[in-house]
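My request is simple: use the sequences and hints to build the entire structure.
Quick note, our numbering runs 590 ahead of the 1-based positions in the sequence shown.
FYI, nobody ran anything at the bench for these hints, they're computed from the structure.
Simulated restraints, written as ranges between beta carbons of each label pair:
1. His-621 with Arg-596: 30 to 38 Å
2. Arg-596 with Ala-639: 13 to 21 Å
3. Gln-623 with Ala-652: 26 to 34 Å
4. Met-626 with Arg-597: 20 to 28 Å
5. Ala-631 with Ala-652: 28 to 36 Å
Every residue gets a Cβ at the ideal spot worked out from N, C-alpha and C, and that includes glycine.
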Amino acid sequence: MTTPIRRAATVLLVRDAPKQSESVRDAPVDHLQVWMMHRIAALNFAAGAHVFPGGAVEARDAGALAHVSSDLDGVDIAAIS
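Here you go:
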């Protein structure tokens, strides 16, 4: 018996790292910061792992990008399917 594939989505928040940030003081000039979540150790799956936020896609999620405000300066949003 095969398990049906479940539709899922993830979110990647990426930005150019601030040039004067203490955390990137010794980093190369061209670098990015990527936001990830840390899963708690008590979970059954991927406990303690660093992951991108996301999860199952549900019917109520259809058209979610239509609700994103168009007046967000400097924000690029792309849906990849």
